[in-house]
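Protein chains in written order, with our numbering: chain A, 15 to 437; chain B, 15 to 437.
Everything labelled a hint here was simulated from the structure, so no lab data went into it. Don't take every hint at face value.
As the list claims (entries may be wrong) - List time: in silico DSS-like cross-link candidates among lysine-lysine, alpha-carbon distance up to 30 Å:
| hint | chain 1 | residue 1 | chain 2 | residue 2 |
| --- | --- | --- | --- | --- |
| 1 | A | K125 | B | K125 |
| 2 | B | K210 | B | K125 |
| 3 | B | K210 | A | K348 |
| 4 | B | K350 | A | K350 |
| 5 | B | K413 | B | K109 |
| 6 | A | K348 | B | K125 |
| 7 | B | K350 | A | K125 |
Number of protein chains: 2
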Amino acid sequence: MKIQRINEEISLSRSVDSGTEEQRAIVQSIIEDVKTQGDEAVRKYTEAFDGIHLEQFAVSQEEINVAYTQIDTEMIAIIQEARDNIRDYHEHQLKASWMTTNENGTILGQKVTALDSVGLYVPGGTAAYPSSVLMNAVPASVAGVERIVMVSPPDKNGMIPPAVLVAANEAGITEIYKMGGAQAIAALAYGTESVKRVDKIVGPGNIFVALAKREVFGDVAIDMIAGPSEITVLADDSANANEVAADLLSQAEHDERAVSILVTTSESLANAVADEVTRQLELLPRKEIAAQSIATYGAIYIAGSMEQAIEVVNQLAPEHLEIMTANPFDLLGKIKHAGAIFLGRFSAEPVGDYFAGTNHVLPTNGTARFSSPLSVEDFQKKSSVIFYSQQAFEKNAKKIAAFARLEGLEAHARAIEERGANK
Amino acid sequence: MKIQRINEEISLSRSVDSGTEEQRAIVQSIIEDVKTQGDEAVRKYTEAFDGIHLEQFAVSQEEINVAYTQIDTEMIAIIQEARDNIRDYHEHQLKASWMTTNENGTILGQKVTALDSVGLYVPGGTAAYPSSVLMNAVPASVAGVERIVMVSPPDKNGMIPPAVLVAANEAGITEIYKMGGAQAIAALAYGTESVKRVDKIVGPGNIFVALAKREVFGDVAIDMIAGPSEITVLADDSANANEVAADLLSQAEHDERAVSILVTTSESLANAVADEVTRQLELLPRKEIAAQSIATYGAIYIAGSMEQAIEVVNQLAPEHLEIMTANPFDLLGKIKHAGAIFLGRFSAEPVGDYFAGTNHVLPTNGTARFSSPLSVEDFQKKSSVIFYSQQAFEKNAKKIAAFARLEGLEAHARAIEERGANK
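Isolated chain A (complex conformation) (with noise of 0.2 Å):
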């Protein structure tokens, strides 16, 4: 792993991926087929990209039984467990409608509104996530959202993997849909003869959901588009370097564009954890992968003090930071941008990622800076209250109307001017 001191401005970022023209024209087309022809356009595409006919695309209360079956009661147990930790964070960003009263009459607030329906995607291949299923699914619950639909690609043999939907069934999901890709985003969006339309779509994907996820933006609203993972870790001669190397390389694991930071005040600290990056490296089934994002964007910066350490990294504005210094709390004040902050050695990031509670949906790639974990109020919107008695509105009525004219609105002037005892 690279070491070097720290000489200039530092960024996280990396170009997104905002596709090719030809990906581009394709996730078009499928999205307008999928408006025109829906369920009809829908099971063509499944069967192109996904390999498999589907005259039904829900899953049947059946399947979800069948699910059950085939993961350990041990497992079920800790999914409930991490379900029950998630919802007990989020609660605590239920927000309620509020107003205030003034004597003369003014009443003015905001009513909180859950949104009707919602949409998650999960990703299919591979690897199946129920935390991420978890993560979207539980926010929207809380918020008091009654639709929450769920939409993943079906394997060759038309099933969704069995720890995705007792994740769905446990995170109170009453809707799931074998669909993938950029004609499920658009089903969403959309709505076909199976699916009902829903007014936001949640959830990562791959390219062609991310582009499809942007084309019927504004039409429905969307999520961040997430970019890939990354961790800082913040540590002074404190620190364990075989925690500090086994954290980093957790975060590489991800992807082979996942980055890992290391940001210390310790040379020595420095030192070992380079050593042990290597030498953990070789013991993990992904190392092919972990390797590649080291290798790439794997960094360990030294400061020579810990407030420059400090302000690289509020300059990165990590997705995850680890404070693993002696005393940690003493530095919460001092960060401003990040997405998630782990205090202390025993904070580990799959800590978060899992089962403390705390949403893993977080800001990538510098975006720490102006944007916020996925939480209960990314499914609830406000609407502005205003009353004005007679009272009020006959002491501010001249004003009001002169600031219309200011800005040469005569119109708005005259609606003041027809009501109260000015007429």
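Following the hints, put chain B in place on chain A, whose structure we already have.
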């Protein structure tokens, strides 16, 4: 104005103007030029589009002082009172960081931080909109954003309208630059010699500004891209036709594509409003615009019952909803989708546009189904905070490792097993 009974699903959705290929190409090349040539490129485009050569883009304190002499003292006081009302309302939206603690030592929380910097685009042209400056800048200031930058195209004399400068100064904006169009958006997104880059860009603009915001989205955050404005009035036979008509026209004068709709249970009101619209329209200075909007998008729907009327309102999900019924608060709980809800005859839309304190930047084109008014939250972001004590860790380590292995992520499991008593 067309009067019709409701007999099918009604939707506000109009196609969103996503620009021509040519417009997109122009915007891309302007952005590229500003990225590579900085101020020089901005200077070139300012000369080409705004007809003025500027050596210096920054507005000086002297120019602001002069602006104050050009605006009526009474008008300045109205702007200040509106700003105070907006600040009071938005202070209720401020979120605090929070945490939960558990006896086993677990601490989970959410750290709320303001964005470092925000850029506000203010359109030029004939109409100056100081209210829009307040509505965008005050929430950013309440959120705690340290650097609020405004850009606005100069007129042929290199000036920005005095009312806009006064509003900017009153809202606490400290940096103002004379630049507009795609070149200003690029300068905010990537920085030039004169302008340091910002983290988020907000504010309305023409199609070039909207396309430029879409283009830089991802590198910086942007607010929603607003469509033409809409009003829906929900009224029973207690409503006053003159007032309803005046309110519909106040929307229609904005834009030929503005939408003004009355939904009512009263046939006599429907007829009276149609007549009043015709009468009042003739008296408006912007009657060409308003007449065009009413002819194309105006509609009066007669509902068979208040329940049906409310259903229509929720289908429309209007930007502005006025409830002009005998007991408007009776209906508030039934409204699911609206940007802002104005209750009763003294809560005319201009009350909220200018003065009451709620935000006038609202979701348009049916997006109130999933979007919210501009708020303090748009200028803050959150970081998850996770602390596990050794006790909490050891209690859960095996479960976390098992979950990671269920997903095939061995390095995640090992990061857990590197630690604690399991080691």
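Consistency of the hints with the structure:
no.: 1; hint: K125/A / K125/B; in the structure: holds, 24 Å
no.: 2; hint: K210/B / K125/B; in the structure: holds, 26 Å
no.: 3; hint: K210/B / K348/A; in the structure: holds, 23 Å
no.: 4; hint: K350/B / K350/A; in the structure: violated, 36 Å
no.: 5; hint: K413/B / K109/B; in the structure: violated, 34 Å
no.: 6; hint: K348/A / K125/B; in the structure: holds, 11 Å
no.: 7; hint: K350/B / K125/A; in the structure: holds, 9 Å
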